[in-house]
Amino acid sequence: MTFERLTVSVCLVLASSAVRAQTPAELRWGGDAEGGAPYVEADPNDPSHVVGFDVEVAQLLASGLGRTPRFVQVGFTSIDAAAARGDFDVGLSGIEDSAARRSRLAVTVPYYEFREVLTVRASDANRYRVLSDLRGRRVATLGATLAYDLLADAQARYGIIPVTYEDDVHPYSDLMLGRVDAVVLDAILANRGVRRNPGLINQPAPLAVGHYVGILAPGQEALRDRMNTLLRDAMRDGRLEAIFERWGVWNEDQPRLYARVMADASRYPVAASSLAPSAAVANATVWQAAARYLPALLKAAVITIVLSCLSMALAIVIGALIASGRVYGSAPLRVTLSGFVEMIRGTPLLLQLFVLYFGLAAFIQLPAFVAALLGLGLNYAAYESEIYRGALEAVPIGQLDAARTLGFSERQILVLVRAPQAFRLALAPMTNDFVALLKDSSLVSVITVVELTKETSIFAANIGSWVVPGIMCAAIYLAMSLPLARLARRIERGWRHA
Amino acid sequence: MTVLDVRSLVVRRGGRTIVSDASFAASRGEIVVLMGASGAGKSTILRAIAGLDPIVGGTVSIPRPVGMVFQFHHLFANMSAHQNVWLAPVHVFKTPRLEAEQRALGLLAALGVGHRASAMPDELSGGEAQRVAIARALAIEPQVLLMDEPTASLDPARRGDLAATLRRLATEARTIVVATHDAEFARACAHRVLAVENGNVRNVS
Chain A
1 MTFERLTVSV
11 CLVLASSAVR
21 AQTPAELRWG
31 GDAEGGAPYV
41 EADPNDPSHV
51 VGFDVEVAQL
61 LASGLGRTPR
71 FVQVGFTSID
81 AAAARGDFDV
91 GLSGIEDSAA
101 RRSRLAVTVP
111 YYEFREVLTV
121 RASDANRYRV
131 LSDLRGRRVA
141 TLGATLAYDL
151 LADAQARYGI
161 IPVTYEDDVH
171 PYSDLMLGRV
181 DAVVLDAILA
191 NRGVRRNPGL
201 INQPAPLAVG
211 HYVGILAPGQ
221 EALRDRMNTL
231 LRDAMRDGRL
241 EAIFERWGVW
251 NEDQPRLYAR
261 VMADASRYPV
271 AASSLAPSAA
281 VANATVWQAA
291 ARYLPALLKA
301 AVITIVLSCL
311 SMALAIVIGA
321 LIASGRVYGS
331 APLRVTLSGF
341 VEMIRGTPLL
351 LQLFVLYFGL
361 AAFIQLPAFV
371 AALLGLGLNY
381 AAYESEIYRG
391 ALEAVPIGQL
401 DAARTLGFSE
411 RQILVLVRAP
421 QAFRLALAPM
431 TNDFVALLKD
441 SSLVSVITVV
451 ELTKETSIFA
461 ANIGSWVVPG
471 IMCAAIYLAM
481 SLPLARLARR
491 IERGWRHA
Chain B
499 MTVLDVRSLV
509 VRRGGRTIVS
519 DASFAASRGE
529 IVVLMGASGA
539 GKSTILRAIA
549 GLDPIVGGTV
559 SIPRPVGMVF
569 QFHHLFANMS
579 AHQNVWLAPV
589 HVFKTPRLEA
599 EQRALGLLAA
609 LGVGHRASAM
619 PDELSGGEAQ
629 RVAIARALAI
639 EPQVLLMDEP
649 TASLDPARRG
659 DLAATLRRLA
669 TEARTIVVAT
679 HDAEFARACA
689 HRVLAVENGN
699 VRNVS
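For the record, the sequence lines run as chains A and B. Using the numbering used here, the letters of the first sequence map in sequence onto residues 1 to 498. Using the numbering used here, the letters of the second sequence map in sequence onto residues 499 to 703.
Just chain B, same shape as in the assembly (with noise of 0.2 Å):
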């Protein structure tokens, strides 16, 4: 069953076209990525689908909310790693507080960071952050989630874990597209790899 459809899209930033004509699908459950060097377009396409660069050209068809994890996690870095993840259901979707607060409980150990709770961003290893940020963009219950670059902050051995987390999310009736530029960990993960080249997207596998 196909949970997001792109279709032609066209993202234009400051007068210049940086996804010229991208179309691909994702069903629940896959694993998409989006492989390609460094400015082919993967991030913006990933911010386009999340609604934060305006298209110019085309359609994407997504069910929202959309969960979305940065290249450098950008936690908010005024409150706790607990209340980064409690924050948005509070506040955007009306959860009662006690309640938000176990769910975000239960995420971060999910993601093997609870006894991380109630660190600062700044207290966090780049590892600790991005689970973290997972642990965020889940809290509001996503059919899709987009993750930029994962791998840029970890090391090889972390690699795997991340992998292996993306597998089991996917499990869980989620479909996940990621943007990388790192093959080893596209073919540790991924359903379906696709190369992004000057904005254009092609099927690889």
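Excised from the complex, chain A in its bound form (with noise of 0.2 Å):
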């Protein structure tokens, strides 16, 4: 109990001079990297070094309140939830003003304003031009953004197909590879995507404008008013100006932005969207949200199961060829087996998904839905194998021997004798297997299969709160996982009295 009382004491002393030592010199500043240039993107030369323009806004806030910037590191879809913890005292990545965001966090005057871009194979310029168009294709965009809003809402009313990817390079592939009709970014991502692909091109008629701004824990009103002074000092001298000159990205829209916001900054909306997405769902309680979200989350769960299944039934096919080829084949296919098993245990799945779909895009274009099937039925065969295996060598082989004097063939051997006492061994180890590879099914929605996980954090994203989204995704997994749980254990109790 000292002890205990002692350490705790410890720690708060810590703690505290811990805080006291960086409050005061630093401004921490959240961001994140793999957005890359002109945003923030790391240094060549020296990874550990950010460079971009919201990296040079950063200095410019930091100089201004007498601190010395330090970049924290955080992942795009999860910086507003990063900014409400207080990880960083404020986010700068691109980040776009939304009704969601002003309701749950301290945000800044906008700094910047976007044009949200149509981009199209230059051999369908014609064909596409507006959202419209595209009934029954598959555009693509970054999930949790304005430009993923004005997709859901065009799918609502135009029957389009919103494919949200986690990174802005590769939309643009695969826009040139033809597993997409369209992509839907921001101007700066949009022209960076069209130069890197030559062949696409972006419509001249934006679809939507919206705007950067910096964000900062809720009760941070303070530290935030003295952020939009430092904000507009700099849209007044100039400053702000040479920033986005010196990396490409200032316009004419932007002295426009700055009137205003010099003009008024109180009441300046959040975006003037030619559609006006989001609203809807940012002004309705979290309830209202919920109950909205709860058909698409049911449906993004349909996927789940559909693909789970189907890559369980792939990997215990294949998971039993390969058991089988281990314990009776010839030396070399041992050998090659047990290599494709260790290969595929020993990588990441994430990294299979990446390849299968990605990598492997040159030479084959497989669709999302069967790649991410191969993948998951892939990489659980390589586990379901060694269960079976072992499975296998457990089955007594006195009774094999006892077999081979009645005059079976190893054949049937296998099938009448060792196979069904193996599958009752493998019969537990499998079904966790499968309880396992339904929450693995998540890591599926890196090559743009939209499932539960993902569908979640866009809602969460949207109402900018995991509490309730979280809640009800957790209970969604739990009413297909448990179910399962009882059956297998029914299947094994009713083998036993077979």
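It is worth saying that the hints were derived from the structure and are not from the lab. Cβ atoms here follow ideal geometry from the backbone N, Cα and C, with glycine treated the same way. Hints may contain errors.
Among the chain B residues that face chain A by a calculated CB cut under 8 Å, a handful are [what the hints assert, rightly or not]:
id : residue
1  : Leu550
2  : Pro563
3  : Val564
4  : Met566
5  : Phe570
6  : His572
7  : Phe574
8  : Ala575
9  : Asn576
10 : His589
11 : Val590
12 : Ile638
Two independent chains are provided; combine them into the complex using the hints.
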């Protein structure tokens, strides 16, 4: 008891001294270096050092506050949650202004105006001019962005199919490959995508207009207001213009934005979108939003369960073949198969999915669902094969000898005696694996399959909180996995008395 | 009439010679007992005769199929006693299923375990499992029945029953070779006892 109390007080002293040491001197600012130039990019010459216009805006704010900027790496999709937790003082990473953000965080005045742009293949330039031309077509974007809200709205209005990516490179490469027919992203990303992929063009008419802002934890309004003053000063004296000029993204939209911000920052509209998306969701209560999202979550749950069942079926078939090969096969076959198993088990599933979907795209273009099915199926086949091999070898050799003296062929022995007993031994670990696969299926969102976890994160980003979406998502996963466990117990019991 | 003829049998396992020079014969209706201590090579001789262990030298002449009953019975754990008996006739010898099932019930009844036909192997006592294993071996109608340490899982009262059973089977023109270290049991059932020592077979009686 005394020891615990002592430990706690030591920790408190250490923690408070750490806080004292860093608060006055540093401005911790959060961003995602994966977003790349011109926002925040790791310097190729020194990856621990970041460059970009958001880096320079952070420096501008820090020097105005008399502090030293310190970069904190945060994944783009969790940047709101990290800001709310106070992981950094201000988030600056091409973060879009939205009603949801304003209702949950302290948000600075906008410092950059962007247009949402439709990018298509040059050959489709006359076919696909606006979103309504893309009925029934796949349109790519980044998840949890204004562009995604636009596509969700266009899905309801025109029946387009939104496809979300985790990064802004693959939407354009998949557009080149024909996996999607258009990309909607902000003009900075779109211009970069078109530069990298000759053969793509941006349609001139903007779909919507949005703004980049800094985000702070709720309760940090005083610091936010000081930052607003610093931003307005920098708009007035041309320092912001110089930053954006340096990164090649200054344009005629910015002076107009700055004039409005300097005139009246307090009542600034969220986004002058042509469609006014997301406001409907953002203004609703969490429960209304939950009710609105429930059908989408259930639909995503169907994707999860279908994908999991098909992948498991594939894993069982391939796993059984590998196991029989390893138990009965020739030496070269055994070596080949164990090499395959070790390779699959020794590398991350995430990497395997990337290789199957993006890496092989130059040779064979697998549809996302097929790539997900193959990736999960082959990965789990490796684990299943080990279970089956162990189970086959656990069947007493004596029974096999007895079968041989009775004249059974090795094939008959496997089918009639060995496999049925091995299957019963394998059933419990198999159920375990299936429940694990059900949850691992969430990884396929990186190759654009929207399953339950991905849909939940879109929902959470949209309402700016993980509490209700997280609970709903967990409830749906449990509703899928608990009956499975029960079913497996029933089968096992049934077989014992068969 | 000689049914089984083993000449200069040599069996090696894992680089070690288990049986160095075994020769013996058995005629129709005869019960031959191979006697010897554990590790003398009795079981290996039976396994080689049944074709389970490869023969390095010598010859074995025997009509197939050969019935074998193992020390630990090795009933198929995933099926009933009844199915254990009819499985090989149906799948190996292509006997019609109904006929095979009827014959299997007859064999189980003749061995006194007809009432246990639907039991799973793990529900049987040692003696019951052994009789089911004998029925399974007899179901393929072998001329020669090999039994490895049949008294190991039996209490003394049951040993007398088993000896009587083997005597009865022998009168039905079957040749039976039993490997055991149980001298009393050997006396109770054998027509002829052979001593096995260091992989060699020697005539005793």
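Hints and how they fare:
For Leu550/B, the shortest C-beta to C-beta distance to chain A is roughly 5 Å, which falls under 8 Å, so the interface hint holds. The closest approach between the C-beta of Pro563/B and any C-beta of chain A is roughly 5 Å, which is under the 8 Å cut-off, so the hint is satisfied. For Val564/B, the interface hint holds, the least distance from its beta-carbon to any beta-carbon of chain A being 6 Å, beneath 8 Å. Contact between Met566/B and chain A, as hinted, is supported at the beta carbon level, the nearest pair being about 4 Å apart and thus within 8 Å.
Hint status for Phe570/B relative to chain A: holds, with the closest Cβ pair at about 6 Å, below 8 Å. Here the hint on His572/B is kept, as its CB sits about 4 Å from the closest CB of chain A, short of 8 Å. Using the Cβ-Cβ criterion of 8 Å, the hint placing Phe574/B at the interface with chain A is satisfied: the shortest such distance is roughly 5 Å. The interface hint given for Ala575/B holds, since its Cβ lies 6 Å from the closest Cβ of chain A, which is under the 8 Å cut-off.
Interface restraint check: Asn576/B against chain A, minimum CB-CB distance 4 Å, threshold 8 Å, status holds. For His589/B, the interface hint holds, the least distance from its beta-carbon to any beta-carbon of chain A being 6 Å, beneath 8 Å. Look at Val590/B: its Cβ gets to within about 4 Å of chain A, closer than 8 Å, so that hint holds up. Because the smallest distance between the Cβ of Ile638/B and any Cβ of chain A comes to about 6 Å, under 8 Å, the interface hint for this residue holds.
Figure legend: structure checked against the earlier numbered hints; every hint is met.
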